[in-house]
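K.L.:
Using the sequences provided together with the hints, build the complete structure.
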Amino acid sequence: MLKKQIPLAITFITGVIIVITFFIPHPPFGRLQQDALTWYSVIFGFTMLLGVDSLVRFHYRKLRRREKGWWFSIIFYGGFLLSFITGVVSEVRFGDAFNINSSFMYFYNTILIPLQSTMFALLAFFIASASYRAFRARNIDATFLLVTAVIVMLGRVPVGYMLWHKLPNLTSWILNVLQLGPMRGIMIGIALGTVAMSLRLILGIERTYLS
Amino acid sequence: MIEALGIWVAAGLTLAIMSFLYGDNPIYKFAEHLYVGYSAGYWLIYTWHFTIKLMVIQPIAEKQPGAIFLVIPLFFGVLMLTRWFPRIAWISRWSIAFTVGIGAGLTLTGAIHGYIIPQVKATILPLWTGNGFSSFNNLVIVIGVLTTLIYFFFSRPHTGVLGKTSKVGILFIMIAFGASFGYTVMARISLLIGRLDFLWSSILKLVHFF
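Residue numbers (the numbering used here), protein chains in the order written: chain A, 3 to 213; chain B, 94 to 303.
Hints should not be assumed to be uniformly reliable.
Said to hold, decoys possible - Lysine-lysine pairs mimicking BS3-like chemistry, simulated, CA-CA at most 27 Å apart: (1) B/LYS122 to A/LYS64; (2) B/LYS146 to B/LYS156; (3) B/LYS122 to A/LYS70; (4) B/LYS260 to B/LYS214.
By construction, these hints were calculated from the structure, which means they are not laboratory data.
P.N.:
Rendered as structure tokens:
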């Protein structure tokens with residue numbers, strides 16, 4: 003009862019209330035959808051605490067057992083403590099850790115930004131190797147994919163214009179017309195699937211989240 | 094001096110991540126663990142500042158209208174922490190159920206109101222506009238949407254007219270994927286150029302500093 007029925011009832015009641023409020027745009031219902039988003043973020047904040055705790059415990063175990071590559075866990079703790087301590091100090095000193103002059107933001111710009119953007123930039127090389135596999139024109143479908151990708155890539159750089167001055171226009175046409183139809187179809191399909199899944203969750207047909 | 098040190102660190106970390114191109118190595122692992130550790134601390138501070146402080150503490154302290162209802166997410170948030178205690182960890186299901194309910198309710202209305210209706214409305218286009226090219230474009234868009242939707246209709250076997258239409262659909266989908274792929278490749282390449290430009294300008298700045 004407490005472990006299965008109450009959670010199902012909570013999901014049903016919450017879901018139905020949120021749906022009903024959409025159709026009653028008057029106080030006190032009108033604001034509820036907006037408030038629900040805030041509530042969602044607050045609960046997400048607590049789950050963040052759980053996630054970080056799990057990560058910290060994982061590295062603690064690794065350190066204690068001296069598992070392979072344990073000393074990298076020291077680096078993890080170094081990074082974690084650096085951001086956490088500078089964040090707390092900046093919060094106390096400036097009243098806002100995200101103040102542009104805070105030490106927290108200094109380390110954010112010095113450590114996190116370069117690491118994050120280089121991680122994403124690195125994907126360029128892996129995408130290049132993926133292109134090699136994807137772009138082999140083995141059948142008519144793959145040929146369509148290859149030709150479109152090559153036109154779009156060339157059409158977005160100056161060399162494409164130098165090759166054929168109308169290539170950028172062709173790229174724009176592909177992105178704005180040819181791609182629009184299928185992308186719209188995919189989006190409608192995803193939205194219909196989302197609606198079906200939401201209904202299954204609210205009505206208690208889908209219960210995997212409770213396992 | 095502190096600025097120069099920052100540039101050194103940022104450039105060093107950029108190279109450390111790029112060293113992965115040579116293969117998995119200790120320098121990359123160092124940068125990777127630093128990234129994960131720093132991100133964990135960053136998101137804790139971010140959550141404290143933007144969620145707990147600005148969304149909960151401030152409205153309650155300023156006695157904003159409706160602030161009393163913030164007790165609801167706080168209650169379910171605290172219940173989520175019962176996962177730390179295995180004997181009562183099942184209570185956290187109530188919080189999960191609450192967030193799933195909110196998510197399902199918002200998605201249900203949001204998907205219909207924000208996606209399905211506007212996308213269908215935008216697809217109902219005039220097939221003759223008086224201009225040949227724009228009429229052709231509209232026709233291509235309408236055929237693209239319909240054939241793509243038919244391709245994803247799995248309730249009947251794709252044979253006969255349905256099979257031929259779904260074949261046209263897959264060609265449209267391949268074109269869309271190709272365009273998205275090309276677009277993504279160029280976006281990643283531009284990020285890479287940005288990092289290389291940073292490295293180059295860092296060297297110039299340091300040369301100027303010394």
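K.L.:
For every hint, state whether the structure bears it out.
P.N.:
Hints versus structure:
Between the alpha carbons of B/LYS122 and A/LYS64 the distance comes to roughly 15 Å, so the proposed pair stays at or under 27 Å and holds. Taking the CA atoms of B/LYS146 and B/LYS156, the gap is near 14 Å; set against the 27 Å cutoff, the hint holds. A C-alpha spacing of about 13 Å is found between B/LYS122 and A/LYS70, which places the hinted pair at or below 27 Å, so the restraint holds. Between the alpha carbons of B/LYS260 and B/LYS214 the distance comes to roughly 25 Å, so the proposed pair stays at or under 27 Å and holds.
Checked against the numbered hints given earlier, the structure satisfies every one of them.
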